[in-house]
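> Sequence:
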Amino acid sequence: MATVGDIALAAAINILSAFAFLAAFAILRLQPFNDRVYFPKWYFKELRSSPTHSGALVRKFVNLDCGTYIRFLNWMPAALRMPELELIDHAGLDSAVYIRVYLLGLKIFVPLTILAFSILVPVNMTGGTLEHLHDLTFSDIDKLSISNVASGSKRFWVHLVMSYVFSFWTCFVLYKEYKTVALMRLRFLASESRRPDQFTVLVRNVPPDPDETVSEHVEHFFCVNHPDHYLTHQVVYNANKLAKIVKKKKSMQNWLDYYQNKYARNPTKRLLTKTGFWGLWGEKVDAIDYYDLEIENLSKEEATEREIVISDPKAIMPAAFVSFKTRWGAAVCAQAQQSSNPTLWLTEWAAEPRDVYWSNLAIPFVELTIRRLIMSVGLFFLTFFFMIPIALVQSLANIQAIEKVVPLLMPLIEQKVVKSFIQGFLPGIALKIFLILLPTVLMTMSTIEGWTSLSALERRSAGKYYLFILVNVFLGSVITGTAFQQLHNFINQSANEIPKTVGVSIPMKATFFITYIMVDGWAGIAAEILRLKPLIMYHLKNTFLVKTEQDREQAMDPGSLGFASSEPRIQLYFLLGLVYSVITPILLPFIIVFFGFSYVVFRHQIINVYNQEYESGASFWPDVHRRIITALIISHLLLIGLMSTKDAAQSTPLLIALPVLTIYFHRFCKSRFEAAFVKFPLQDAMVKDTLERATEPNLNLKGYLREAYIHPVFKGEEFDRPPAIDDEENNPLVPTKRNSQRGTPETGQSKYGSEIGSETGV
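With my numbering applied, the sequence shown covers 1 to 762.
Since the hints were made in silico from the structure, they are not lab data. Warning: the hint list may mix true and false statements.
Unchecked claim - No farther apart than 35 Å at their CA atoms in a straight line, the calculated lysine-lysine pairs in the DSBU-like style are these:
id	residue 1	residue 2
1	Lys-45	Lys-244
2	Lys-244	Lys-541
3	Lys-533	Lys-262
4	Lys-248	Lys-541
Assemble the whole structure, with the sequences as input and the hints as a guide.
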């Protein structure tokens, strides 16, 4: 059980660590040779040039301007200075709304902290109950929690009233924020320039047809059912093998460019390389000849595979990107059921081209269900078995347990500084280490599930991570920590006394979460801005691997925000703040520091570092809102359970109304705002279409969309596309191969509709 001294030591360690990281960042970011690491976004926008290209030799590597070191914290006001509209234009709506999540935390918890310290902390502190409980482990911090209030006390009415106040304030702020973000999204979509995804839908599970290819069947179906708006389409190819060959060929071409540049600088020296892995072993051969031959062989292999993909019917998936003449037509198609059989002709908005995850488009539709079932089972077992390291982390916070397992360490552990370090700092850092690889594992699982866009992959992975954090980090830490700390009581007391011990002990886990917040939310955020790993990797690549300018761009690529891991981490702080705001308010200031510090740091990172891969128009916001609502409901249920152990039965009926009202509030917000994030209003689509026709009457939309949704390995190449049936769009009878082969004598029309195979395709 961490004491005030343990928490103070942990705070000192983390504050010093955070300050060291910030000081290191302030110095390193000023050095010219680190410029591409700390300001890569401006390089990608071609608004910044490397300072190493000019000046004296020393100035190319070291900043000799002493004045810049004096103003080493000027990055903070600079990060806050950019207006939100300019931030959206600079970094996109996704990034701007992500920053608002941290601001939302401040809006919720700053007033809650003021109220809690003004009302709840004095009520808890004067309870005087813990001193009279024997055989119960507690610290001075626990005296500020609800555990210090005697069972059956009338003081619990204060907690009940404050729980209503806190819940209503949280819901009020959530409502205002949901409304603001929804308006931001609608304005963004209305003002956004033309994009291919505004006119395109992804059609999946195209039923088989014995007389037509997938491409012909898609064209026939949409010419019949969307005759006034269908424009063109692109079928989905299974080009995964071809993509691997193209990627390998690009790598070989990069090596060839490197050796040719090197040879041009010194033609007298013969360049050799080894034929083994990465040129580390194997026979020594002429480098330029070797890579020329490799590229030639890969080109032949690429041409063969390309021909197979284009000509083999099995390489064409029952899916297509279908584009329309207007946004209105695309909106109608994307948001409507196309067939009487709801399992066929499934349509959804196409992701923007850079957001498409091409590898997963080749997965058969039936296989997707099997994959997702397997991954669901895998997630269950991963979550279940991860309780083992969580229990290990909790054992680190229990000195008595360590001494029983390793009695030889007792003299060392009992030293005050060591004991404070173990209880105040070690559990938080251990939990942080255990969670390092988890986002990568969950992202891999989401990829296997077959989601077809990067944004969907990140959102699904974020959902898994949040569930994992909720079950293991929060509930697991509370349950296992309580069991370890009160093990003696659990064993010796009667069964009907165990719930009371648990009810008293749960608030005491606030000390563990305080240590975790300081490690992850203070020092961890400071480490984020230092970017130590990207800094080291950039210089290693720049020294040993960079051969061309393309290599240098890849070496400094900062990636994107990492929504899949960062957003669930934020949700843990919302969960902790809402759960402990009434139970143990002392935790709230630590959470405020996290939200305030993170807001400044990530605003700086979004402006200068991260280069977002895609733009979803803040489509993730309903997930953020739903998870905060979930945290609020969990806080209500835990408070009800705690009150039931405190002989405060009269408050239970009143508290039950809280989760009911919260669920009703969520349903109201969902019906009021969520449509803006999953649908595109037909009215707005018509306005944009009308405006575009007036301003660009000669727009060649088909030419604009021609290569938008072609697999990247086919970019710039011509396909054997069947001619569009533009002249027949107003004819109710569209000619197809089936007309001539299977037509009736009276009309010449096929006796099979566009949904042939509907029964067999289910």
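> None of the hints should be skipped; say for each whether it holds.
Status of each hint after checking the structure:
Between Lys-45 and Lys-244 the CA atoms are separated by roughly 29 Å; this keeps the pair inside 35 Å, and the hint holds. For a cut-off of 35 Å, the pair hint linking Lys-244 to Lys-541 stands: about 23 Å separates their Cα positions. At most 35 Å may separate the alpha-carbon atoms for a hinted pair to count; Lys-533 and Lys-262 meet this at roughly 29 Å. Distance check on the hinted pair: Lys-248 and Lys-541 sit about 19 Å apart at the alpha-carbon level, within 35 Å; holds.
Violated hints for the displayed structure: none, as all numbered hints are satisfied.
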